[in-house]
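Q: Below are the chains, spelled out letter by letter.
Number of protein chains: 4
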Amino acid sequence: MPETDAAPAVNPSAPRPADARPPEAAPTVKTPEFRSDVTVELVRSSAHDSDVLFAARVSTMGELTLDGAQASADGAQATKGAGLINYLMRDRHGSPFEHNSMTFYVQAPIFVFREFMRHRMASYNEESGRYRELNPVFYVPAPTRNLQQVGKPGAYDFLPGTPEQAALVDEATRAASIQAFEAYQRMLDAGIAREVARIVLPLNIYSSMYVTVNARSLMNFLSLRTKREGTHFPSFPQREIEMCAEKMEDLWAELMPLTYAAFGANGRVAP
Amino acid sequence: MPETDAAPAVNPSAPRPADARPPEAAPTVKTPEFRSDVTVELVRSSAHDSDVLFAARVSTMGELTLDGAQASADGAQATKGAGLINYLMRDRHGSPFEHNSMTFYVQAPIFVFREFMRHRMASYNEESGRYRELNPVFYVPAPTRNLQQVGKPGAYDFLPGTPEQAALVDEATRAASIQAFEAYQRMLDAGIAREVARIVLPLNIYSSMYVTVNARSLMNFLSLRTKREGTHFPSFPQREIEMCAEKMEDLWAELMPLTYAAFGANGRVAP
Amino acid sequence: MPETDAAPAVNPSAPRPADARPPEAAPTVKTPEFRSDVTVELVRSSAHDSDVLFAARVSTMGELTLDGAQASADGAQATKGAGLINYLMRDRHGSPFEHNSMTFYVQAPIFVFREFMRHRMASYNEESGRYRELNPVFYVPAPTRNLQQVGKPGAYDFLPGTPEQAALVDEATRAASIQAFEAYQRMLDAGIAREVARIVLPLNIYSSMYVTVNARSLMNFLSLRTKREGTHFPSFPQREIEMCAEKMEDLWAELMPLTYAAFGANGRVAP
Amino acid sequence: MPETDAAPAVNPSAPRPADARPPEAAPTVKTPEFRSDVTVELVRSSAHDSDVLFAARVSTMGELTLDGAQASADGAQATKGAGLINYLMRDRHGSPFEHNSMTFYVQAPIFVFREFMRHRMASYNEESGRYRELNPVFYVPAPTRNLQQVGKPGAYDFLPGTPEQAALVDEATRAASIQAFEAYQRMLDAGIAREVARIVLPLNIYSSMYVTVNARSLMNFLSLRTKREGTHFPSFPQREIEMCAEKMEDLWAELMPLTYAAFGANGRVAP
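Chains as they are written, first to last, in the numbering used here: chain B, 987 to 1257; chain Y, 987 to 1257; chain D, 987 to 1257; chain H, 987 to 1257.
For the record, the hints were derived by calculation from the structure and aren't laboratory data.
A few of these clues could be false.
It does not matter which identical chain is used: a pair holds within one copy or between any two.
[What the hints assert, rightly or not] Keeping only pairs whose Cα atoms sit at most 27 Å apart, straight-line, the calculated DSS-like set for lysine-lysine is:
1. 1138 x 1016
2. 1138 x 1066
3. 1233 x 1213
4. 1213 x 1138
So that you can see chain B by itself, here it is in the shape it has in the complex (with noise of 0.2 Å):
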């Protein structure tokens, strides 16, 4: 998504954008970071049990006024709309959980993106190497993420690595990271289109991005991108989508509990 006019003004400081720099002008040098933790962060919601109470009544109370649907939905009400709610949940009624909104902001590496991103079901907009100049943030695996793959394919399992193991991606993913981004800034200073240069950044650069999803379509990347003991179905996340999925998770729960409760009930399907 472009935008014109719009910096300057918020920061009319900045450093001049790289489509201007002339070719001779001093590189600005970037200090890489290096960072092994995702930022989910909610924007903005509505998102409430009561949606979906709302929205399943209306398919027996057809001429509900909204006044009797919220008392219906409070009070006395409350156990009886989580007998609902995971009635819903539990024979797949799913277009209740539709009702509702939640937009987070995230920020995660490239590879973590190109996964989230395979979900149709929600609204995405990234920022952009086309119409910006990437910062050198990178993904480097804490020391205690599981390096070693072991099992048969489909039903992989990751164990811990050894000391030289964690030393070495640590240092090759550090130096890969660094070299990859200096190639990105040798070709920007010398008045290479951005969209060019961001070519040989790898896939460990961190991207932000806001989503959108309705708790149907969350609950069906939770089910999908987490992995939990005894859930209906087995899934086999990388570990990055899961850390992503698990904040997402914890923010979504605060605001539906009743759903999340019945969610995790009833094996963690999406309805």
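Following the hints, put chains Y, D and H in place on chain B, whose structure we already have.
A: Okay, now just chains Y, D and H, sitting in the frame of chain B:
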């Protein structure tokens, strides 16, 4: 969508549901009601012009904090914001218009819902004739409704009917509705399942639903379901769904005035 | 949806369309017809088990030539293919089941189409009551159709009706259909626009449509619209849409026998 | 995405998968390969202009037999068919263009796939860096690739680079690719899981996928991912995804010549 146990608690004095009514019970006499309008209420929304700006700016200011984004969306930035939204609309950068949500409650005849639900980028929960006994509320065209179709297929125009035509439509619609509902009630009174009895009900019976959309999807709907002079593409909606669309449009225009203005200024085409 | 042959320049000798019929013309007497079945034909398809295998194998053999993929899908690989498809189904790797397409032509009553079109992962083109005069073909339940609904909401069961009930349904449905169609014809004969006159038609009038789906979407449809013993999740479809689903299932089973077998073996859950 | 041949029971003589390679094994030396093009093959299709006509005509000739539809699509009807398709395109009757399917096999660099998969109305299966060891095939811009970006954001233009710029891009891209792949191989050779090692690979490494679309979805893609003079709306695609789009367009044009012509004649806007 079904509901099991909630109905009695909500209104313990409500008549016993139809499925419990013994065949020998005295029929509940329901008096048919006729309407010529539709109901559209905004139930919930999280929809602001600033959401569009946030989403668009993440492209160019990836590491943007939310505070910064808010600042750039407020105050002196208002004009600038309008310009950016207009640019996004004009050049079909549609995804920033998806990070918002509006839930409408709609009452309209079934022939309108049939057209409505062809729009797949929306979430629906409709009153179910399988789960509840339907009320005898029927649509009858208002005297001002155009009744004569002229022109060639694909570009029909509609003109006022004669007084005789208007009288016939009014009379025939009322009579057919009453006859159909009598057949429906007769079957229910004989213990026939609701899902079977309802098949004789006409397309002008009212139903109700919750529908949730985002602004991009709504613009697509409005583009196809309203007929305006000077739009980029012509549309030929049936008047009754246009009545719904107009009410949705008014409610949306209040929520997102800049986006709404840009939609109009760019030929009412969904980006 | 447009009508082609009415564009005068294209075919000046075409019969005059219904909307050109002068009010004074002698009404075309159409005799109502009653049916108790549905029509489902496979119009087009490009759907093979090998498509599933190709798509799955691109994940692990990226540079795969098509010849190689074909070889690995044929002959001695048949058993292996069945195993892979079963594995994909079981572990919910759904995307390989999307690279295929089936177009069905369906004739069914409108109350069935109303349920059908709630499935948004499909492409539809339906006969339009705005563009053509509808034929008086109506659904009437067969004598074997269960008529009594027992059990509690959300888990209804349906039992045979009494002979009196069956007779009532048959008589009331036929009478209501005939009355409604007479009102429709009376309005058409008076020069009322088709889109207005049709509103009195009942939900049991037949319509027809083209619907295109892929196997993943079809499995979701079958999972929800057929009721079988021993499935992973229970479903409670109305019998009439199940009649459509069963015919679609039979046609699909012939096209993709391995996929179909895996669907059944894994609880009839869409992956 | 699974790998088939690793299930020991299925094929015990299969070569040991990469994840079984012991750390001490001599590394497989893979020589990096550089390309400046993309591969697009049509794998499967069921896509004909007549499908559009069938679907459109079901609206107006509901009870149409297939033979009748075929007849009206053939022979003397050819001109009429072209007219109808043009009319549908012009007035945005989009649904008749959905009853068809094309599956493409695409090889392109990851930065292209990142843009590609933002199109949600398509089915994708991509080579997985989690399930297989990736090959060192990298994209390097051809000497003819424009390298300088001029103009303002939202309306960039691209001009040829200087010989020095071209040389820098070529050299820097090759060097960065080789360095990154060496880091990748070093980690694999040390027994690091593929899903971890791959994170250092650059965005210009090739991947491959199957993508299935219908003509309506494809037109939307082409509308946004090709840049042509005289189109209804301007588009600013990155050249590399446009290279894919152009090949897809050529293949589609052969399958559906009337639809293709109407797309061009109406400003290359998806209906």
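Q: All hints, please: hold or fail.
A: Hints versus structure:
1. 1138 x 1016: between (42 Å within a copy, 24 Å between copies)
2. 1138 x 1066: Answer is between: at 16 Å across copies they meet the 27 Å cutoff, but 45 Å inside does not.
3. 1233 x 1213: within (14 Å within a copy, 38 Å between copies)
4. 1213 x 1138: Intra 17 Å, inter 36 Å, cutoff 27 Å: intra-copy only.
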